[in-house]
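> Hints in hand, dock the two standalone chains.
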Amino acid sequence: MTDIEKNPKVRQSAIGAPSPAHEGTDARREGLDARLVVERGSFRLDVALTAAPGDVVALLGPNGAGKTTALRALAGLVPLTDGHLRLDGTELDRTPPESRPVGVVFQDYLLFPHLTALDNVAFGPRCHGATKAQARAQAAEWLERMDLAAHAGAKPRRLSGGQAQRVALARALATHPRLLLLDEPLAALDARTRLDVRAQLRHHLADFEAVAVLVTHDPLDAMVLADHLVVIEDGRIVQEGTPADIARHPRTDYIAHLVGLNLYRGQAEGHTVRVDDTSSVTITTTEALTGPAFVAFPPSAVTLHRDRPTGSSARNLWRCEVAGLETHGDQIRAALTGELPLAADLTTVAAAELDLRPGAAVWATVKAAQTHAYPA
Amino acid sequence: MTSSWRGGQGSRGARGGAPLPLLLPALIGLAFLVLPLVALLIRAPWRSMPDLLTSTEVWQALQLSLVCATAATAVSLVIGVPLAWLLARVEFPGRGLVRALVTLPLVLPPVVGGVALLMALGRNGVVGQWLDSWFGITLPFTTAGVVVAEAFVAMPFLVISVEGTLRAADPRYEEAATTLGASRFTAFRRVTLPLIAPGIAAGAVLAWARALGEFGATITFAGNFPGRTQTMPLAVYLALQSDPEAAIALSLVLLAVSIAVLAGLRDRWMTPS
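Note that the protein sequences, when read in sequence, are chains A and B. If you're matching positions, the first sequence starts at 1 in this note's numbering and goes up one per residue. If you're matching positions, the second sequence starts at 377 in this note's numbering and goes up one per residue.
Extracted from the complex, chain B is given alone in its bound form (with noise of 0.2 angstroms):
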């Protein structure tokens, strides 16, 4: 306490000063993180901004983006928390290998996960052909495409958020819960799940926010089609190559969507209580 106290007040004076070769560096550091968002709100054509903002494309784009993503982040808690439950608490065989594969999309690019998602679920994929001559079901170049593509590429971070969270929660709440006659389900549903719920839901948001920025994957495996298969993103790119000016709009949207979300959820999560 007394030593921070001190580096506060001493930082007026010419000894607290932080020293010039990591100074420098790091407000370089800063300038290259912020510099981009300034040049895109200096750049914005603010005048037509609301002509570009209600043409039917934009929220067409954004619509499907945000129920895309949210979809996809809904997938990813159905079966990603269990999955990040079995690595936490089950020992078995190969439980190393499991979790690399499961982070492996983390560090993949975005279209080889495409292409990878095609060659299962594409309509000729080793389980897609399946889907396609038993249900007729057909995922790729369709809106459950992009939540699909979406997913592959977000629920890693959720996996590993609620992995974390549950290896720190204390494994003894759920013996408790046995003595008194819960099933192990039980005690999942009614201890652990209360007891993790802050970082399910900062996994949540990661996911959440990864998915809605998704493009190689998306535009790999469910194609460029207005209204089904654009994402905001997608719109973004091909914007830039026709009109610019729209572009930069529907990145202020995205930023503003960022922005509310990080602003929305860092008191109630973000920060260490």
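Chain A with its partners taken away, still in its complex shape (with noise of 0.2 angstroms):
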């Protein structure tokens, strides 16, 4: 072990970005780049990766959608039924998970309950070959840099939620692994840690010179804490990209719902979208494009009407029915169907002198300057 390894702080600016030696030499490459096909039953996962040092990538899907999968595959924990898996260069998917260079914060942490925190992040560096010492004094530097030099000696049972996740996360780093893996970080916390330890978990991760992915269903955790977003439905990938761009352009209904727009599939003539699966609705939009389409807009630029709106400068105007409304924080979400499924938010106030309840008719319009089409 050198010194540069024993020392995390040293490490991470002695290898910052990647080096620009390596790159276009495809046969030493920094990061990861792989391929992951496992097939289980009538379940098949295939999925592309890549990413370079310093990335944190989001995995992001519905449950069962394959996400968690390909993190065990990743380390080493499921076997590639096809596929490559390279990291840095270094062809990994026949090395057992134990040779790997990789680190797992699993999603209920398995903090091994009989060992005390500090004893936790030391298992990984003693595997390694360090002295009880060693990997001691490794082990309390890394609890020091989570703020949790006070709760070494405590069992896991006696950590709370996000202590715990700081403990698993300094035992997966604490082996310098060069690719992070993280399952649903932040499923196992109550709304309010949630919040400060997702703060902490991106502090750490900006810190983290490797490869980090994780897997999540929360848009919002995706968001915060990766810079690239992989969107994986039913084992495929369906969406990839930069978190902001798959906000404004979501392409399926899972993205769209995500994160929190309304979103319809149709054919394009000018400023007018005809929507797929619809008795030849139309929605008129502000982009003027030509065959197959995207339309999106968010529920709070859907206005309700109890009556047939007059004058109103609205193009796109629907005859609809309430199925269910939902408080959204402030704001009330109403679930529509008719001749446009919809989903509309509403103040509480606006809510209750249109006397909204499942089953009343009205009407919804949305301004064409609020839509945003996109070819599909």
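Hints may contain errors.
Claimed, not checked - If we take Cβ atoms under 8 angstroms as the criterion, some of the chain A residues that face chain B in the derived model are: (1) 75; (2) 77; (3) 97.
To be verified - Take a look, some chain B residues computed to stay more than 12 angstroms from chain A by CB distance: (4) 394; (5) 496; (6) 556; (7) 571.
To be clear, the hints were calculated from the coordinates, so they are not data collected in a lab. Just so you know, even glycine gets a beta-carbon here, dropped at the ideal spot from N, CA and C.
Here is the structure:
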């Protein structure tokens, strides 16, 4: 073990941005380059992932989409049926998990209940050949970095959710992984803790110099923590890009729902998009397009009326029925069916004035200026 | 919570009483289990007890029993825990059959076990003849033979107990350990073993108690030589024919040892935490 590896801070500055010397040489390329194919019964996962050192990639998707399987395949806990896995130019697909330079933060942390926080973190260095004293010294350093020095002697069951999460992160980082995997890192936390821990985790991930891949079903976690999102549905990548790009241009219902947008696919002709799967409903848009297109607009862009509005400047007018209502922060979100399925946000006062209740008939309008159309 | 509290209160009144068709057999069952032990205490020759218990033969038998039962438990731990791990964690063809074979000694009459051991490890046995001619090791009718017979009968208790605990333990802790660089053996030693320690202890106690009381396989495979292979149960049985008072005294000693074990371990392992 070199001095650089012993001191995470020194190491961090020593290996900073990806070194340009390696770029373009395929054999020795820094970062992650993987195509993960895992077949299990009728389920097939097939995703390609690439990331440079310092990148934080989020795998986002509904339950059962294969996110966790992808993570387990990266860790070596699930064998690849096909594909490849290269990390910093080294083939890893046949390497057993204990020999991979990979650290994992499991969903429920899996801190060893019989060991103290310190010994949990020291476990990795110890397995990598450090003496007990060295391993403990390194572990103490990591706990210090995580502001957990005071809890070094505590058993996991005496730690709060947020503390346990940081111990798990320290434990994973203590082996100096070149690939850090986080499985639903915030799912086990209550709403208040989550906010703090998310901010801390973001800070620690920003410091991490190698590739980090996190799995989540929470779009907010993904957008806050990651700089690249990969959306997986049914074992396949349906969309990837920066959080901002995906939020603005969702390409599936799932993503649109995640980012809180109404999304429709249809055929564009100029400023009109004829929506697929409806009886000739059209949406008037700002952008002029031709051919297959998506139209998206936020629920806040929808205005509801009890009676058919007259003299409204909105070109998009549909007759709908309230299917359900739910509170969304200080707003009420109405799910509408009818000519066009819609989500609409309105204030509690407005909802009361409109006397909205499930089954009520309403008119919905959307200004063309608030829609966003893009090619499919 | 509320219902059990009510039940507790109600048992004083008419409503909470257990129905007679259940209560009666229950009480008979209790009496059936307790009465023989009480009878043992009633008929115990308390006056001559000190003399009986200080005789060399009793001490020899007790010492031999404790040493052999402990050795048999140690043997069971060394080879039984890995066997339990294999059954619980590794998928291989015929695993169900292997598990059935492991549990067979549980239901096999111990005498049959003793005969089987003779056929395998006896001086002319399948393996025993080689042990004899190559290493000069003879197991039957030796103290080591007692340990072998007891381990054969007691180990399944340990294996079953440990396998159950392993199955209940979360295998993902082992996965977590491997992602930290631990080999599968290191993961077992440093993570799984401490996690299943209570189950191992419970299994060891069961095995030890079974070994202590072992009679059939021991007398068949190891014989009945005072000081060498005559354990307490054998001594009790023999004494019953010549000196019933001594048999009662020896039985009381075994009873006391059993109660001591139960009391000593109950708080630590026998109550659900």
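> It remains to establish, for every hint, whether it holds in the given structure.
Hint check:
| no. | hint | result |
| --- | --- | --- |
| 1 | 75 | holds (5 angstroms) |
| 2 | 77 | holds (5 angstroms) |
| 3 | 97 | holds (4 angstroms) |
| 4 | 394 | holds (39 angstroms) |
| 5 | 496 | holds (38 angstroms) |
| 6 | 556 | violated (4 angstroms) |
| 7 | 571 | violated (6 angstroms) |
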